Amino acid sequence: MAAVAVHQFAQCITCHAWSPDHSMVAFCPNNNEVHIYKLVNDKWEKVHVLQKHDQIVSGIDWSGKSNRIVSVSHDRNSYVWNREGPEWVPTLVILRLNRAALCVRWSPKENKFAVGSGAKTVCVCYYEQENNWWVSKVIRKKHDSSVTSVAWHPNNILLATTSTDGKCRVFSTFIKGVDTRESKTGSSSDPKFGEQIVQLDLSSSWAFGVKWSPSGNTLAYVGHNSMIYFVDDIGPSPLAQNVAFRNLPLRDVLFVSEKMVIGVGFDCNPMVFAADKSGLWSFIRFLGERKESLSGPKSGSQFSEAFGKLYAQAKHGLSNDTVEPSKIQGAVHDNCINCIALLNKKGSQTKRFSTSGMDGKVVIWDLGNQQDLKEYL
Amino acid sequence: MAEAKKSMGFDNVEDILTKIENKSLKIESLIKQYKFIEAIKTALEGYPPQDERCKHLQSANWIGVHKALMAIKDVEGMLRSLDPQYYDILMKYAYRGLSSGNRTTCDQCLKIHEKLTEKAGFGCILRSLVDTVNTV
Chain A
21 MAAVAVHQFA
31 QCITCHAWSP
41 DHSMVAFCPN
51 NNEVHIYKLV
61 NDKWEKVHVL
71 QKHDQIVSGI
81 DWSGKSNRIV
91 SVSHDRNSYV
101 WNREGPEWVP
111 TLVILRLNRA
121 ALCVRWSPKE
131 NKFAVGSGAK
141 TVCVCYYEQE
151 NNWWVSKVIR
161 KKHDSSVTSV
171 AWHPNNILLA
181 TTSTDGKCRV
191 FSTFIKGVDT
201 RESKTGSSSD
211 PKFGEQIVQL
221 DLSSSWAFGV
231 KWSPSGNTLA
241 YVGHNSMIYF
251 VDDIGPSPLA
261 QNVAFRNLPL
271 RDVLFVSEKM
281 VIGVGFDCNP
291 MVFAADKSGL
301 WSFIRFLGER
311 KESLSGPKSG
321 SQFSEAFGKL
331 YAQAKHGLSN
341 DTVEPSKIQG
351 AVHDNCINCI
361 ALLNKKGSQT
371 KRFSTSGMDG
381 KVVIWDLGNQ
391 QDLKEYL
Chain B
544 MAEAKKSMGF
554 DNVEDILTKI
564 ENKSLKIESL
574 IKQYKFIEAI
584 KTALEGYPPQ
594 DERCKHLQSA
604 NWIGVHKALM
614 AIKDVEGMLR
624 SLDPQYYDIL
634 MKYAYRGLSS
644 GNRTTCDQCL
654 KIHEKLTEKA
664 GFGCILRSLV
674 DTVNTV
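These protein sequence lines are chains A and B, in that order. Our numbering puts the first sequence at residues 21 to 397. Our numbering puts the second sequence at residues 544 to 679.
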């Protein structure tokens with residue numbers, strides 16, 4: 021079994037993030053608070069409640085080295101929380117948004133963070149030492165609709181965004197005084213802030229969940245049309261692969277290695293995608309246990325009852341008594357998974373990640389004992 | 544500039560209509576020869592023009608495809624021999640058939656929808672609903 025731990029924290033979780041040593045988890049239980057739980061003697065205890073936002077907290081990120089939490093909310097604000105003694109002290113970051121903030125990510129060097137919003141903008145915030153506060157610079161022009169997800173390239177300058185206009189864009193977020201210009205590394209010779217490097221128009225539907233591979237060579241994002249897109253060679257002529265799969269759409273993805281991506285979404289079960297030796301991506305299998313779908317209306321999916329009634333209308337007299345209950349058999353999550361986070365222990369070879377969803381559960385998965393996936397790790 | 548574009552559009556309409564009619568005739572002849580699977584493959588090849596002004600071309604195209612769909616007796620067998628790349632297009636035509644309201648068309652399209660969902664999954668339905676760029 022790939023799922024090693026399942027914890028029911030709340031009725032519904034919007035997003036979650038782990039502390040640097042993975043002993044604590046911060047999440048939003050679908051309200052305006054951020055709850056932090058700590059694992060004490062094999063039991064989870066609520067240690068902090070961060071209450072500053074007025075509306076639902078839509079994004080949380082916990083920086084690995086500097087131990088700071090950034091939270092963004094539908095109330096158009098964001099707070100950076102610093103640990104001072106036993107308390108978490110919030111610092112308001114003025115984003116100047118007139119719509120909800122939807123997602124947030126610390127940059128790899130943790131000196132900046134990016135916020136995607138419903139105002140069709142991305143705010144990139146950095147810390148100004150002289151004034152002791154966070155300044156926000158806004159990328160205003162390019163998006164046609166809400167920015168659903170943001171992801172930082174390992175070089176701390178390139179930022180990928182996905183939007184409900186179906187497009188994935190890569191911008192430069194070079195800020196003078198914060199970033200140092202790499203001398204002639206070749207990849208980004210246009211370091212101007214807010215400059216769009218490339219726009220990928222591969223999906224005709226909403227795009228979600230963009231992530232870079234660990235080396236930054238590959239970009240992956242999902243569309244609401246049950247497709248996942250893998251893009252190499254980000255630049256004037258990118259190489260894109262569209263992978264269509266037969267299940268419900270995904271909401272978020274995670275690179276566990278250069279060659280393997282885990283996608284999570286409405287099927288409540290993580291999906292494994294991997295690239296073979298020639299670089300061709302394809303769907304491998306589901307990670308959790310899944311009942312084999314039988315033919316006809318007896319399939320083990322949650323829609324079997326509805327479809328059974330639909331098809332029965334044409335076949336007069338087909339009895340629906342044999343239709344199985346609509347609960348998914350064997351899946352770990354009961355509802356849509358909307359957040360996935362990497363959980364690698366430093367120096368350890370095993371690949372672990374966690375998922376949280378609308379069922380209020382946080383599930384920890386371990387790929388260590390999945391023999392057939394070892395070749396991709 | 545807009546005027547030139549319009550006139551160009553009109554010239555092409557004749558060609559496209561001819562292509563669609565030829566396709567229809569080909570489908571009919573294949574059906575008469577009991578080559579249902581080839582008929583379906585011919586029908587599913589290519590999308591009609593997406594232009595707002597050429598809705599009648601989409602309807603003309605649908606008439607030919609409809610003939611091919613109605614001629615299928617063994618839906619499962621047909622799907623077994625159909626290339627997976629045609630699943631999404633077939634699903635779109637199935638929905639078009641279901642929206643017609645005609646009893647026999649709906650019965651047949653419902654059968655196709657059921658078997659196709661088994662084979663291609665919910666992703667196929669999603670893609671047919673979400674794709675506003677390539678419509679039938």
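These are calculated hints, taken from the structure and not from any lab test. Just so you know, these numbers come straight off a predicted model, no measurement behind them. Hints may contain errors.
Claimed, not checked - No more than 25 angstroms apart at the CA atoms, straight line, and that leaves these computed lysine to any residue pairs for SDA-like:
| no. | chain 1 | residue 1 | chain 2 | residue 2 |
| --- | --- | --- | --- | --- |
| 1 | B | Lys658 | A | Arg266 |
| 2 | B | Lys598 | B | Leu560 |
| 3 | B | Lys654 | A | Lys187 |
| 4 | A | Lys187 | B | Lys616 |
| 5 | B | Lys654 | A | Ala264 |
| 6 | B | Lys616 | A | Tyr331 |
| 7 | A | Lys329 | B | Gln628 |
| 8 | B | Lys662 | A | Lys72 |
| 9 | A | Lys157 | A | Gly105 |
| 10 | A | Lys329 | B | Leu653 |
| 11 | A | Lys329 | B | Lys662 |
| 12 | A | Lys329 | B | Thr647 |
| 13 | B | Lys662 | A | Leu300 |
| 14 | B | Lys658 | A | Tyr331 |
| 15 | A | Lys297 | B | Gln628 |
| 16 | B | Lys584 | A | Val263 |
| 17 | A | Lys365 | A | Gln391 |
| 18 | A | Lys329 | B | Lys584 |
| 19 | B | Lys658 | A | Ala264 |
| 20 | B | Lys662 | A | Arg305 |
| 21 | A | Lys162 | B | Val676 |
| 22 | B | Lys575 | B | Thr647 |
| 23 | B | Lys654 | A | Lys381 |
| 24 | B | Lys658 | A | Arg305 |
| 25 | A | Lys279 | A | Glu104 |
| 26 | B | Lys598 | B | Val618 |
| 27 | A | Lys329 | B | Lys616 |
| 28 | B | Lys584 | A | Asn262 |
| 29 | B | Lys658 | A | Phe303 |
| 30 | A | Lys187 | B | Val679 |
| 31 | A | Lys329 | B | Leu560 |
| 32 | A | Lys140 | B | Asp558 |
| 33 | B | Lys662 | A | Ala23 |
| 34 | A | Lys329 | A | Ala260 |
| 35 | B | Lys610 | A | Arg305 |
| 36 | B | Lys658 | A | Ile304 |
| 37 | A | Lys85 | A | Glu104 |
| 38 | B | Lys658 | A | Asn267 |
| 39 | B | Lys610 | B | Ser567 |
| 40 | B | Lys662 | A | Val263 |
Hints, one by one, checked against the model:
1. Between the alpha carbons of Lys658/B and Arg266/A the distance comes to roughly 14 angstroms, so the proposed pair stays at or under 25 angstroms and holds.
2. The hinted pair formed by Lys598/B and Leu560/B meets the criterion: a straight-line CA distance of about 12 angstroms does not exceed 25 angstroms.
3. In summary, the hint linking Lys654/B to Lys187/A is not supported, as the alpha carbons are separated by about 35 angstroms, beyond the 25 angstroms threshold.
4. For a cut-off of 25 angstroms, the pair hint linking Lys187/A to Lys616/B is broken: about 42 angstroms separates their Cα positions.
5. At most 25 angstroms may separate the alpha-carbon atoms for a hinted pair to count; Lys654/B and Ala264/A meet this at roughly 23 angstroms.
6. Between the alpha carbons of Lys616/B and Tyr331/A the distance comes to roughly 17 angstroms, so the proposed pair stays at or under 25 angstroms and holds.
7. A threshold of 25 angstroms between alpha carbons decides the hint, and for Lys329/A with Gln628/B the separation of about 29 angstroms lies outside it, so the pair is violated.
8. Restraint check for Lys662/B and Lys72/A: not satisfied, since their Cα atoms lie roughly 50 angstroms apart, outside the 25 angstroms limit.
9. For the proposed pair Lys157/A and Gly105/A, the alpha carbon gap of about 31 angstroms is over 25 angstroms, so the pair is violated.
10. Restraint check for Lys329/A and Leu653/B: satisfied, since their Cα atoms lie roughly 12 angstroms apart, inside the 25 angstroms limit.
11. Using a Cα cut-off of 25 angstroms, the hinted pair Lys329/A and Lys662/B holds, with the two alpha carbons roughly 19 angstroms apart.
12. Restraint check: the Cα-Cα separation between Lys329/A and Thr647/B comes to about 19 angstroms, which is no more than 25 angstroms; the hinted pair holds.
13. Taking the CA atoms of Lys662/B and Leu300/A, the gap is near 23 angstroms; set against the 25 angstroms cutoff, the hint holds.
14. Among the hinted pairs, Lys658/B with Tyr331/A is consistent with the structure: their alpha-carbon atoms are about 10 angstroms apart, no more than 25 angstroms.
15. Pair hint Lys297/A plus Gln628/B holds up; C-alpha atoms about 24 angstroms apart against a cutoff of 25 angstroms.
16. With a CA separation close to 23 angstroms, the supplied pair Lys584/B and Val263/A stays within the 25 angstroms bound.
17. The suggested pairing of Lys365/A with Gln391/A holds, with an alpha-carbon distance near 20 angstroms, which does not exceed 25 angstroms.
18. Taken as a hint, the Lys329/A and Lys584/B pair is broken in the structure, with Cα atoms around 30 angstroms apart against an allowance of 25 angstroms.
19. In summary, the hint linking Lys658/B to Ala264/A is supported, as the alpha carbons are separated by about 19 angstroms, within the 25 angstroms threshold.
20. Note on Lys662/B and Arg305/A: the hinted pairing holds, with a Cα-Cα distance of about 16 angstroms set against a maximum of 25 angstroms.
21. Taken as a hint, the Lys162/A and Val676/B pair is honoured in the structure, with Cα atoms around 21 angstroms apart against an allowance of 25 angstroms.
22. Pair hint Lys575/B plus Thr647/B holds up; C-alpha atoms about 20 angstroms apart against a cutoff of 25 angstroms.
23. Straight-line distance between C-alpha atoms of Lys654/B and Lys381/A comes to about 38 angstroms, which puts the hinted pair past the 25 angstroms bound.
24. For the hint linking Lys658/B to Arg305/A, the alpha-carbon distance of about 22 angstroms falls within 25 angstroms, and the restraint holds.
25. Proximity of Lys279/A to Glu104/A is assessed by CA-CA distance (about 40 angstroms); at most 25 angstroms being required, the pair is judged violated.
26. This hinted pair does not check out: Lys598/B and Val618/B have alpha carbons roughly 29 angstroms apart, beyond 25 angstroms.
27. Among the hinted pairs, Lys329/A with Lys616/B is consistent with the structure: their alpha-carbon atoms are about 23 angstroms apart, no more than 25 angstroms.
28. Distance hint between Lys584/B and Asn262/A is fulfilled; the C-alpha atoms sit about 23 angstroms from each other, no more than 25 angstroms.
29. In summary, the hint linking Lys658/B to Phe303/A is supported, as the alpha carbons are separated by about 22 angstroms, within the 25 angstroms threshold.
30. At most 25 angstroms may separate the alpha-carbon atoms for a hinted pair to count; Lys187/A and Val679/B meet this at roughly 23 angstroms.
31. In summary, the hint linking Lys329/A to Leu560/B is not supported, as the alpha carbons are separated by about 40 angstroms, beyond the 25 angstroms threshold.
32. Restraint check for Lys140/A and Asp558/B: not satisfied, since their Cα atoms lie roughly 42 angstroms apart, outside the 25 angstroms limit.
33. Between the alpha carbons of Lys662/B and Ala23/A the distance comes to roughly 28 angstroms, so the proposed pair goes past 25 angstroms and is violated.
34. Proximity of Lys329/A to Ala260/A is assessed by CA-CA distance (about 40 angstroms); at most 25 angstroms being required, the pair is judged violated.
35. Taking the CA atoms of Lys610/B and Arg305/A, the gap is about 38 angstroms. The hint is violated against a cut of 25 angstroms.
36. In summary, the hint linking Lys658/B to Ile304/A is supported, as the alpha carbons are separated by about 23 angstroms, within the 25 angstroms threshold.
37. Proposed proximity of Lys85/A and Glu104/A is supported: the alpha carbons are some 16 angstroms apart, at most 25 angstroms.
38. For the hint pairing Lys658/B with Asn267/A, the CA-to-CA distance comes to about 15 angstroms; that is within 25 angstroms, so the pair holds.
39. A C-alpha spacing of about 8 angstroms is found between Lys610/B and Ser567/B, which places the hinted pair at or below 25 angstroms, so the restraint holds.
40. For a cut-off of 25 angstroms, the pair hint linking Lys662/B to Val263/A stands: about 17 angstroms separates their Cα positions.
Violated hints, in rising order: 3, 4, 7, 8, 9, 18, 23, 25, 26, 31, 32, 33, 34, 35; the structure is consistent with all others.
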